[in-house]
Structure formats: structure tokens, C-alpha cells
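Undergrad: Here's the letter readout for the chains.
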Amino acid sequence: MALSSTTRLKNFLDEFFLLSTTMQDDFPITFERLNIKHLLEEVMLTFYDEIAQLNLLTTFEIPEEEIIILADKSAMKRVLENLLSNAIKYSTGTLIISLHKSELTISNSTNITDISHLFDRFYKGDKSRTKKSTGLGLPIAKNLMEKMNGTLTAELDKEIIIMRCKFGG
Amino acid sequence: MEKKKILIVEDDISISELLCQIVVQMGHVATPSFSGTEATLLLKSENFDLVLLDLMLPGLTGEEVLKEIRKKSDIPVIAISGKLEIVAKLEVFEGGADDYITKPFDVDEVMARIQVCLRRSEKLQPISEIENLKHKGLTLELDTKKVFVSGIELKVTSKEFEILRLLLENPQKVFSKANLYESVWGDNFYGDDNAVKMLMSRLRTKLNKVNPTEEYIETLWGIGFRLKE
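Listed in order, the protein sequences are those of chains D and C. 1 is the number of the first residue of the first sequence in my numbering; add one for each residue after it. 1 is the number of the first residue of the second sequence in my numbering; add one for each residue after it.
Hints are computed from structural coordinates only; laboratory data are not their basis. The beta carbon of each residue, even a glycine, is placed where N, CA and C say it ideally should be. Don't take each hint at face value.
Said to hold, decoys possible - Have a look at the derived ranges for each label pair, beta carbon to beta carbon: (1) M198(C) / K158(D): 51 to 57 angstroms; (2) E214(C) / S5(D): 42 to 48 angstroms; (3) L84(C) / E159(D): 39 to 45 angstroms; (4) R121(D) / E122(C): 44 to 50 angstroms; (5) E103(D) / M198(C): 54 to 60 angstroms.
Unchecked claim - Derived lysine-lysine pairs resembling DSSO-like cross-links, with alpha carbons at most 30 angstroms apart: (6) K159(C) / K147(D); (7) K103(C) / K159(C); (8) K89(D) / K173(C); (9) K89(D) / K3(C).
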């Protein structure tokens with residue numbers, strides 16, 4: 001118990017540090033031609049067992065052809081990891097991942113009715129605060145997308161929350 | 001892949017620590033050495049599978065260490081240096097290095113380069129040291145490149161063999177189509193998803209014909225594969 005609290009505190013501090021660095025102007029971003037489909041597939045596979053265990057109904061809309069964007073690979077990987085882990089953690093049963101030429105949406109069914117504070121620091125969707133998270137994942141993802149000249153926005157459509165990543169470059 | 005012993009010759013303590021961490025994380029054993037002289041002594045007294053060699057060392061330089069190594073051993077050496085110029089790189093390759101990494105380096109890239117170097121040197125090793133890979137009645141004879149399912153030989157192509165070998169060598173690892181393509185074709189993935197998909201489905205059919213009750217390859221959403229436990 002003490003150990004897990006310590007680990008959580010350490011995670012929290014790491015995330016907090018990352019968030020603060022992503023807010024600085026000189027945060028290092030190296031643009032490269034990135035095959036976003038491959039990166040997305042690679043990151044998704046790391047969540048396979050978790051998704052299978054939760055029995056989430058998962059839908060992919062991934063095009064046959066390759067999609068190349070200009071982005072920083074490790075920053076983009078971080079964005080995908082944060083968005084997917086959030087979507088999985090807060091999903092009430094479904095998960096939809098949809099990739100297009102200039103944007104990616106990651107959607108999940110949700111109980112949340114108000115998304116106005118979603119990108120606030122330390123905001124957590126579940127009031128009980130039982131889920132293990134720092135509440136910093138989304139602000140970090142948003143900052144990183146903006147550093148790469150892209151955007152990250154959220155929409156609520158009935159009971160589906162849609163995280164929309166527009167690629168920059 | 002079994003545990004390998006890797007010698008890390010780097011005088012900067014924090015970089016040395018980072019490289020050690022990378023090696024340990026890959027499941028290998030790291031021995032740090034902080035000078036060229038120490039490194040040559042260690043190389044005389046112990047057997048290593050790979051050397052990560054910084055070129056800017058106090059005392060005996062990296063180039064000199066490399067020269068010493070090459071006098072009597074073919075052990076793979078990856079040179080690490082801040083020098084970006086092509087001429088510097090070429091000199092090091094000429095001196096007998098197998099690969100070259102420039103500082104500052106990317107952790108994933110270092111891992112990949114170590115992996116490739118080890119794999120390459122493993123292929124060159126004498127046949128007698130190679131053990132066969134086995135999993136649920138499936139046997140891969142590494143020296144003859146033959147595959148057996150419950151004792152019956154299964155005819156496979158060399159690419160199919162490489163895929164099976166990769167899966168059996170890394171039982172828990174999930175491979176994306178791009179991973180498989182790059183490992184088996186040894187080439188950058190240009191986006192020919194279908195080549196991998198077709199190869200995998202052919203392989204599954206073959207395995208299934210010989211042993212319909214056992215599934216050997218697990219497909220994850222049609223985008224990734226791993227060995228079925």
C-alpha cells in the first residue's frame with residue numbers, strides 16, 4: 001500500500017514535470033515524416049490485453065493506404081498513449097478509433113455529461129477519484145499536439161466522448 | 001534471445017549509467033568500464049558478446065582500443081561518438097567497428113542497433129552451439145531450418161521460417177505488421193501490409209493442416225501477431 005502510494009506520487013511528479021516542460025517555448029520537437037498508421041497500430045497493440053480483459057467493444061476505422069504526417073515521433077507516441085489509456089480507463093463499454101488523412105479521433109462511451117473542464121490540470125472524470133491517474137494526461141497531450149502545430153479538442157455526442165487530434169506539420 | 005554479456009566503455013558516468021540501464025532493460029548483462037586501458041584488461045580476462053565503445057576516452061583512445069580488439073577477436077563493436085563528420089565515421093568502420101552511433105543518441109535506436117548486432121553475430125556462430133526452438137509440439141531446427149509439428153515435417157519457405165523463429169524466440173512479444181516486415185525482409189517497411197498478411201495466413205493454414213487442434217499464432221485485431229500461449 002505504502003509502496004503503491006509512493007509509485008503513484010512518483011508518477012505524478014514525473015507527469016507534472018513533463019507537463020511543465022511542454023508548456024515552455026523551447027520544448028524540443030524534432031519533426032520527421034512519420035507513418036502515423038504504423039505508430040497508431042504499434043501503440044494500440046500495447047493495450048491489447050487490457051482492452052480484451054475489459055471486454056470493450058472496439059471498432060477500428062483505419063484506411064488501407066499509408067498516412068504520412070510531419071510530427072515528432074516520441075511526442076506523438078506519448079499523445080496516442082495518453083488518449084488511448086484515458087479512453088480505455090473511462091469507457092463504459094465501447095471504443096472507436098478512427099484515422100483519416102489529417103486527423104485521428106479516439107472515442108469512447110461515457111457517463112460524463114460536462115466536458116468543459118476536460119483539459120484542466122488534475123481534472124478526473126470520476127468523482128470518486130478511485131481510478132489510478134494523475135489527471136495530467138490530457139493537458140500534456142494537448143500541449144504536445146500544439147507544439148507540433150496540431151490541435152486536440154473534445155466533443156460530446158450523446159453518450160460518446162470524441163477526442164479529435166488534428167495533425168499539423 | 002539468451003542473456004548476453006555487454007561491455008560498455010564510456011568515461012562519462014551518467015552516459016555509462018544510461019547505457020547500462022538500456023542493456024539491462026533488454027535482458028542482458030552490462031559491465032561498465034571507464035577507460036580504454038581498463039577495457040582492454042577486461043577484454044583479456046572475460047568473454048563478452050558485444051562492446052559499446054565511446055571514442056573520446058582519457059588515456060588509450062577508443063580507436064586504439066578497437067585496434068587492440070581486432071588483433072585477435074571478431075566480437076561485434078558499436079562505436080559511440082559525438083563526431084558527426086563522415087570522414088570520422090569511415091575511419092572507425094575501417095578500424096573494424098560494426099556500427100556507429102552519434103551522440104546525442106536515442107534510447108530506442110541504441111536498443112535496436114544492439115539487437116541487430118547481436119542477431120547478426122548469433123547467425124555467424126557455429127552450428128553446434130545452436131539449440132532448437134520448441135513450443136507446444138512445434139519444433140524449429142535452427143541448423144537445418146526445418147520445422148516439425150508433432151514430429152511431422154512441415155515444408156516452409158525461408159520467410160515463413162524466419163517468422164516462426166521470431167515468434168518462438170520472443171514468446172510474449174506482440175509484433176505489428178511493420179515489425180514483422182522489417183525483421184523478416186530486413187528492410188524498411190514501405191507499406192505493403194498485404195505481403196505480411198498473406199504470409200501469415202498461409203503459415204496459419206499450413207500449421208492448421210498438420211495439427212488442427214492447436215493454434216500457434218494469435219492474431220490481434222488483424223494488425224498484430226504473437227505466439228499463442
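Undergrad: With the threshold set at 30 angstroms, check whether the alpha-carbon distance from K159(C) to K147(D) stays at or below it.
TA: violated, 42 angstroms
Undergrad: Taking the beta carbons of L84(C) and E159(D), is their distance inside 39 to 45 angstroms?
TA: violated, 54 angstroms
Undergrad: Between the alpha carbons of K89(D) and K173(C), is the straight-line distance 30 angstroms or under?
TA: holds, 23 angstroms
Undergrad: Within 30 angstroms, alpha carbon to alpha carbon, are K89(D) and K3(C)?
TA: violated, 36 angstroms
Undergrad: Does the beta carbon distance between R121(D) and E122(C) stay inside 44 to 50 angstroms, or does it fall outside?
TA: holds, 48 angstroms
Undergrad: Between M198(C) and K158(D), does the beta-carbon spacing fit 51 to 57 angstroms?
TA: Once the Cβ atoms are compared, 40 angstroms apart, the range 51 to 57 angstroms for K158(D) and M198(C) is violated.
Undergrad: Within a Cα-Cα threshold of 30 angstroms, do K103(C) and K159(C) meet the stated pairing?
TA: With a Cα-Cα distance of about 35 angstroms, the restraint between K103(C) and K159(C) is violated, given a limit of 30 angstroms.
Undergrad: Between E214(C) and S5(D), does the beta-carbon spacing fit 42 to 48 angstroms?
TA: Between E214(C) and S5(D), where Cβ atoms are some 44 angstroms apart, the hint holds.
Undergrad: CB of E103(D) to CB of M198(C), is that within 54 to 60 angstroms?
TA: Distance hint for E103(D), M198(C) is violated at roughly 30 angstroms.
Checked against the numbered hints given earlier, this structure breaks hints 1, 3, 5, 6, 7 and 9; the rest are met.
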